[in-house]
Amino acid sequence: MIGPEFIVRVEDLSYQYPRSASPVLRDINLHIRKGEFLGIVGPTGAGKTTLCLALNGIVPQIHGGRFFGRVTLAGLDTVETPIHRLAQHVAMVFQDPETQLVTNSVEDEVAFPLENLSIPREEIMRRIPWALRAVRLDGKQAKHPSELSGGEKQRLAIAAALAMQPEVLVLDEPTSQLDPQGSHEVFATVHELNSRLGITVVLASHASEELAEHADRLVLLARGELVATDTPARLFSQAQWMEQNALRPPQVVTFFQVLGKRGVRVPTVPVTLAEAIHTYAALRPAIEVRPPLSPPGSEKTLPDGVGSFEGGVSSRERPVALSLQDVAYAYPDGTRALQGVSLSVQRGEYAIIIGQNGAGKTTLVKQCLHLLEPAAGTVMLNGQDVCRLQVSEIAQRVGFVSQNPDNQIFTSSVEAEVAFALRHLGIPKGESQARVEESLLLMGLTLWRKSHPLSLSKGDRARVVTAAVLAMRPDILIFDEPTTGQDYAGARRILGVSQALHRSGKTVLVVTHHLHLMPGYAERAVIMGKGLILLDAPLRVAYHADEVLRSTHLLAPQIIRLAQHMQAIEQMQLPIMTPEELAACIRPRPQSPRHPPPGAAAPPVATGGRP
Amino acid sequence: MTWRRIGSVTDSPLARLDFRAKLTLLFVATSLAFLWESPLLTGCLALLILILNLLAHVRASYLSRGLLFLLPFFALLLITHGFWNTSVGHTAIWTAPREWPLVGGSLRLTREGLAYGVMVIFRTLTLIWVTPLTIFTTDLNALTSGLVQLRLPYQIAFTFSATLRFVPLLFEEIQSITQAQRLRGLALERMGLWQRLVVYSRLAVPLILGAMVRSQQIEVALAAKAFSGSPERTYLHQSRLRVSDYVIIALCLALLAGALWLRVTRGIGRFA
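Protein chains in written order, with the working numbering: chain W, 1 to 611; chain A, 612 to 883.
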């Protein structure tokens, strides 16, 4: 299989980090063709990042550890060749845009690696505008990186990598912290670099829809082993692999698989939206589409009259837990983060706050916690002005789980961490112990009570922080981007916890970019943009408010975009939120007598390649 | 809090000066602050540095915060020099009444002592304000290349600028951890000094761990950007002295030379 066209060769690679109990990678064999777009998928802890780092020598040259096997890139052994020499052939973009931008201007950021490679100044000056143009950042040379949006920062990191004119571009979860529009921009840019300039791309991500759209081939890693390598169409269609490795296929895959189970003949399961539209057009003569008589799953997603299907607000009012009235706030640098925001959250509601990076979501949450004081307007918590309450008092009523659990861990054992607040709140020892037990049990942490919190995985650390917050028994819980950086199983676990809390009567607010994960959990969506609330509506209505979503850099989940396409063709409303709901609107058209009876002999779903 | 928010790296004539010109300014201002003992001259020097800071758009709040922080120290300076600086103090403006035990009749507040204390305050302010004027108005990369032009090894110059870059990040981290602690019911505002110290000591664990994680992330990011610390590299921004830089350097050096000459020959600048 080895041929001269391979730019990367990974042979029998096994690797163990220092102080790690077991190998992170085991016997990996992988060859990457020149000009290929290779996606790496797999659950958290599968070894995706480590494999990326092994391609440019950072593993093991910086991290140390035990390295077996051989990795060559452009013919250079990545263990023997110094990293700065490898960097002439391979460039890397990391997950966190903040930690990889090391200079003070856009222009300097692109120049920095070139200066290190001793590229002549004239050549650097030629490459800067070229690289910035390639990622659509031209004209922003003089800006400070902190003035860029999340998507722009990541594109700047790509520009800096691109300026090195590498043969291989490695990206490790480059879009996990970006809003959907930022994520779309990054994938589009990388795709263009791959197809136009022929740069080999290796990209690790949980973003199934985007990988299906852009990758030529996917590698599935699990527990450090290479489980499968195949085209996105074939790999995502393997329900067994997806299930076993807790992966989420693109929503259109799930939709057509469910259709297959309902007796609709689907010759080839599509993996992209364009393919899905094409497949749907081909299937039309054989199917009937009917709008749901009542909103599918409405009993689950619109409980207790929080909102109606049509988007009206129920007259059955519950007591208000949290309200903001004409709240305005500007940061010292002049950024107007909130511009007269009014919002009322009823007791027992589950709402999400969505919007582009910088829309004002975090500022709004900070106002509720009295971490910031409004320049105008009032924030009321159970009828009390939060400005008259200490943060510590609010903390007993509003639990906050931030995106980075590591800034919220102060002690050396899980148990002590959960008990941390109780000691300071003067809770008697007996009750404190009972609350700790209850929280540990709820979060499934009883077995790890004596472990150091930092010895656990990031997902588990988030659960420790949640347990610690729950021990204070707050009525309202606010989760800030709880699913960022989590694989599908981890995200579902965290959202499951939020759901259990909601069912126990708590009010839950979730700030998120992951719209596709929220149906079935949240009831209501608050869409923010540029410091304003653009729309406050039941989830089902908000997800179909395409123009509002786009105005704040959000994209409706893939299945909703397919439903909108079908709506236009069929001239009917399909207000669905999940692949299963859309599939429920479709059934095989009754066949004429010369055809076999409907559904009786539906062939198995094929797993063909992309058309 | 970022570097850019304290100073302004591009939008003032002072910011556009070469780092070597600013270093000369720093050197001359520091030398003058020690050369002059006259409250009037040191006062003028401190005022000049303050005006330059404001012209360079260094935030007034940053400068005033430093001043407020030092107020107790300045009060102490005035008291110690006013009462006990016997080498300059002659003219008593207040004497402790004789009936006061131990100090009655002997404790004197002198005009010269007070003036000397004021001079030391101006000297301290000069030294404190000249730092943001030169460092915070300089882009970190310009600072690095300026230091390299002064023949400092690149690795040291880069470490220096990287450390400066790290400081604001560390402050952000401290703020975020303290916030997280308050959100866990910690009422710092109701705590005594000892309890607060215990709480602050707990900052160390997440702070050090966070700093370690961050520094490794930065190390990895730098390695991926071909950074090896080798002096064999090129520079986009070549640190070249322009006419304005030469003028500033010449003016600064002339001022220092003139001040030295006046001090030696005419005694101008001596404490009197």
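In short, the hints are calculated from the structure, not lab data.
Hints may contain errors.
[Stated by the list, open to error] Covered stretches of chain W (in silico footprint by chain A; criterion: 3 or more residues with CB under 8 Å from a CB of chain A, positions within the stretch not fixed):
1) 83-95
2) 112-121
3) 278-291
4) 450-464
Ideal placement from N, C-alpha and C gives every residue a C-beta, glycine not left out.
Consistency of the hints with the structure:
1. 83-95: holds (count 7)
2. 112-121: holds (count 10)
3. 278-291: Coverage by chain A is violated here, the residue count being 0 at a Cβ distance below 8 Å.
4. 450-464: violated (count 1)
In this structure, the earlier hints numbered 3, 4 are contradicted, and the remaining ones agree with it.
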